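Once you've looked at the hints, go ahead and assemble the two chains, each given alone in its own frame, into the complex.
Below are the chains, spelled out letter by letter.
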Amino acid sequence: MKKYFITFAAIAILGMLVIYYGPTAFKSGNPAKTGGGPLASSAPTQSTTANSSTTTTAVQYKDGTYTGSDAQNPYGDVQISIVINGGKITTVNLLTMPNAAERSQYLSSQAGPLLQSQTISAQSAQIDGVSGATYTSQSYQQSLQSALDQAKAA
Amino acid sequence: MRKVQTIMGIPISIDVPDGTNKILSDSFNIFTKLDERFSTYKEQSEVSRFNRGIVTIEESSEEFRKIFNICEQLKKETGGYFDAQFDSDYDPSGYVKAYAINQVSQFLKQSGYETFLINAGGDIVANSSDANTWNIGISNPNDTKKILAHLEVDAIAVASSGNYERGHHIINPISRITPDYFKSVTIFGPSILVADVYATVIFAMGKKGLSVLKQLPGYSCIYINKNNELRQLLSSK
Chain A
1 MKKYFITFAA IAILGMLVIY YGPTAFKSGN PAKTGGGPLA SSAPTQSTTA
51 NSSTTTTAVQ YKDGTYTGSD AQNPYGDVQI SIVINGGKIT TVNLLTMPNA
101 AERSQYLSSQ AGPLLQSQTI SAQSAQIDGV SGATYTSQSY QQSLQSALDQ
151 AKAA
Chain B
1 MRKVQTIMGI PISIDVPDGT NKILSDSFNI FTKLDERFST YKEQSEVSRF
51 NRGIVTIEES SEEFRKIFNI CEQLKKETGG YFDAQFDSDY DPSGYVKAYA
101 INQVSQFLKQ SGYETFLINA GGDIVANSSD ANTWNIGISN PNDTKKILAH
151 LEVDAIAVAS SGNYERGHHI INPISRITPD YFKSVTIFGP SILVADVYAT
201 VIFAMGKKGL SVLKQLPGYS CIYINKNNEL RQLLSSK
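Each protein sequence line maps, in turn, to chains A and B.
Sequence positions in the first sequence follow this note's numbering and run 1 to 154.
Sequence positions in the second sequence follow this note's numbering and run 1 to 237.
In isolation and in its complexed conformation, chain B is listed as follows (with noise of 0.2 Å):
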């Protein structure tokens, strides 16, 4: 069973073959809950709040201040490259999507549902016990209806980095321009959660950010580049 709902401004696709509907609804409803403590646009979330000065972190729920330290320490380790402070407001959009669906993994995992696909606007968490059960189209920057690149897969999480959907939206937090490298960065490996951070922050730092890659064990890279240049490094893990 597959349903679609937006959620987070992004379609959610969530595909469980022996789902039923409570499972999909509950899932979605992991989404629904971190949108409403974590959404820039809803008012009334924890995150308004927090930057109306209404709530301070010591006010603020365990799951604000978890996602707070994370994104502080991911700054760090980074090198500023990551960066959920947007101008002089706190937006961890970017990181709440990954953790949303990693969240919904495990809620599948735990309620005994092995197989299942998750895709929130563009970033996917596959899992199966059967090998080959998935197979995962990585868009092709140059034209949207086709692919470049696709992985058979039993699980993985992948994440792709560009600015050809929303305009440019990503620029370099350290430069303060609009990177041009790449026209699309995509990570798998077996966090969404560290595919997601390193997709954007490979795509923010250009082409050295691919050295970043050497430090990220069991993850892997297909990328095109400005000059079109399709380019795969592939994790031997």
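Extracted from the complex, chain A is given alone in its bound form (with noise of 0.2 Å):
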């Protein structure tokens, strides 16, 4: 009987996320229970396109795509900046570096109304720790949180 109302009650939890995707209240910590089977339950194979995404209430960010004119190294001098504080996004910037004037110029064209361009200032490189593919122990010898955590290691 409990088994039956907790199928019952998902299958309906799951209608309504797909019909009313919404600011949803999101808080449990178990993706089992979190997504709600996004797979299962999108439409299949409805392919959406990257410009229309998650942005539907609350504070209206447009979605920016920076194309970089250099192969050999994008965005070395290019860098997205974004300001969370309990739970919300608030500031979108585009960083370049100084000496990046020209491309900058033309990724911010692209970047939309909400992205400001700015320099890059010695303080906004102050960074606490990086996100990236897990590296093991060898590349980690020469990635920049090893270098961060050997700076920062009481």
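Among the hints, a few may not be true.
Stretch by stretch, here's where chain A covers chain B in the computed footprint (C-beta under 8 Å, at least three residues) [to be verified]:
#1 10 to 16
#2 52 to 65
#3 83 to 91
#4 108 to 121
#5 142 to 155
#6 183 to 194
Keeping only pairs whose Cα atoms sit at most 20 Å apart, straight-line, the calculated PhoX-like set for lysine-lysine is [said to hold, decoys possible]:
#7 B:K76 with B:K214
#8 A:K152 with B:K214
#9 B:K22 with A:K152
#10 B:K109 with B:K3
#11 B:K214 with A:K88
#12 B:K146 with A:K152
#13 B:K66 with B:K76
Examples of chain A residues lying across from chain B (beta carbon under 7 Å, computed) [claimed, not checked]:
#14 N85
#15 G129
#16 D149
Hints listed in this document are in silico derivations from the structure and should not be mistaken for laboratory results.
Keep in mind it's a predicted model, so treat the numbers as computed, not measured.
Ideal Cβ positions, reconstructed from N, Cα and C, are used throughout, including at glycine.
Okay, here's the thing in structure tokens:
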């Protein structure tokens, strides 16, 4: 009986998620519960362009695309900066190095009105941790994270 | 206080500014204990004994069954794109890493520490009650000495997926080929368990994986694809 109820409730919730995708309360730490079976429930093979993404309510942000011209080392001097506090994205900036002025103009014209171009300051380069594809112990030795850990280790 | 230890074969960095030696070693012990149970490299781990048929699912520990059931559920939920079954062996180590970070995060909060940063091989949980406490860089897959984005946050979970660090270790479990649309995918939002699983799933699915993000309110994505397009898909929640 209980099992049927859970199944029914799960289907009901799934249906609601599909019909009304909005600012749903979302707090579970367990992915088995959270996604509500996103792949199973989404319309099959309906491809979505990246531009029509998750922006639905509250603060609206344009999703930006930036294409670099230098295939050798794109984005070495262009970065996205996002400020998030209390679970809300409050600021999105495009940061460029001073010597990348020409390219930054091109990039920020692509970026939509909410992105502002800014020069990277020494302060904004102070990062506390680096997220990336899982590195091995060997690649860690050469990594930015390793340098940060050495600088900050007590 | 920040310390680094290599556990589960990955460098783990834990930063608790007001922390003691004890709170840090207790935190690392959570990783060590989980590694002892779930490692596929340790002969006596429960996972190894399960794979050799010495322990059945019924005889396994509660925690083993819990993770096993979550992995089964995730496999269904992601249409097979998340799969802890590797060849004929059960290997939940990807999920266990995120699970361990989550456990340490809960442990630190319960111990009265609000401000901390845990980074396990590139998966991060940051916490603080003060705005702009942490500045998290997202690695540039074209040059890992550089970052392509950074997040100034009070609290967030961030996970990235890519094949640039450890060779082509992520394959599309459906087509059995190495996915090549993305160079890297980063997902950030409230829970590392969701961020980690879906960074891998979206990476493995390729471009069509981006539609999955719509079903994950509160989660955002930054990616760089094979054409070197850097893109952000930000949650408005």
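Hints, verified against the model:
For the stretch 10 to 16 of chain B, the assignment as covered by chain A holds, since 4 residues bring a beta-carbon within under 8 Å of that chain's beta-carbons and 3 suffice. Check result for the stretch 52 to 65 of chain B against chain A: violated, 0 residues qualifying (beta carbon to beta carbon below 8 Å, three or more required). For the stretch 83 to 91 of chain B, the stated coverage by chain A is violated: 0 residues have a C-beta nearer than 8 Å to a C-beta of that chain, whereas at least 3 were required. Residues of the stretch 108 to 121 of chain B lying with their CB closer than 8 Å to a CB of chain A number 3, which satisfies the three-residue condition for coverage.
As drawn, the stretch 142 to 155 of chain B meets chain A at 14 residues by the rule of a beta-carbon pair under 8 Å; at three or more, the given contact holds. Residues of the stretch 183 to 194 of chain B lying with their CB closer than 8 Å to a CB of chain A number 7, which satisfies the three-residue condition for coverage. With a CA separation close to 18 Å, the supplied pair K76 of chain B and K214 of chain B stays within the 20 Å bound. Between K152 of chain A and K214 of chain B, the direct Cα distance comes to roughly 37 Å. Violation of the 20 Å bound is thereby established for this hinted pair.
Proposed proximity of K22 of chain B and K152 of chain A is supported: the alpha carbons are some 18 Å apart, at most 20 Å. The hinted pair formed by K109 of chain B and K3 of chain B meets the criterion: a straight-line CA distance of about 18 Å does not exceed 20 Å. Taking the CA atoms of K214 of chain B and K88 of chain A, the gap is about 17 Å. The hint holds against a cut of 20 Å. For the given pair, K146 of chain B sits about 19 Å from K152 of chain A by alpha-carbon distance, which is consistent with the 20 Å threshold.
A hinted pair counts as satisfied when its Cα atoms are at most 20 Å apart, and K66 of chain B with K76 of chain B qualifies at roughly 16 Å. With a cut of 7 Å, the hint placing N85 of chain A at the interface with chain B holds, because the nearest CB-to-CB distance is about 4 Å. At about 4 Å, the closest approach between the beta carbon of G129 of chain A and any beta carbon in chain B falls short of 7 Å, and the interface hint on this residue holds. About 5 Å separates the beta-carbon of D149 of chain A from the nearest beta-carbon of chain B, less than 7 Å, and the hint is met.
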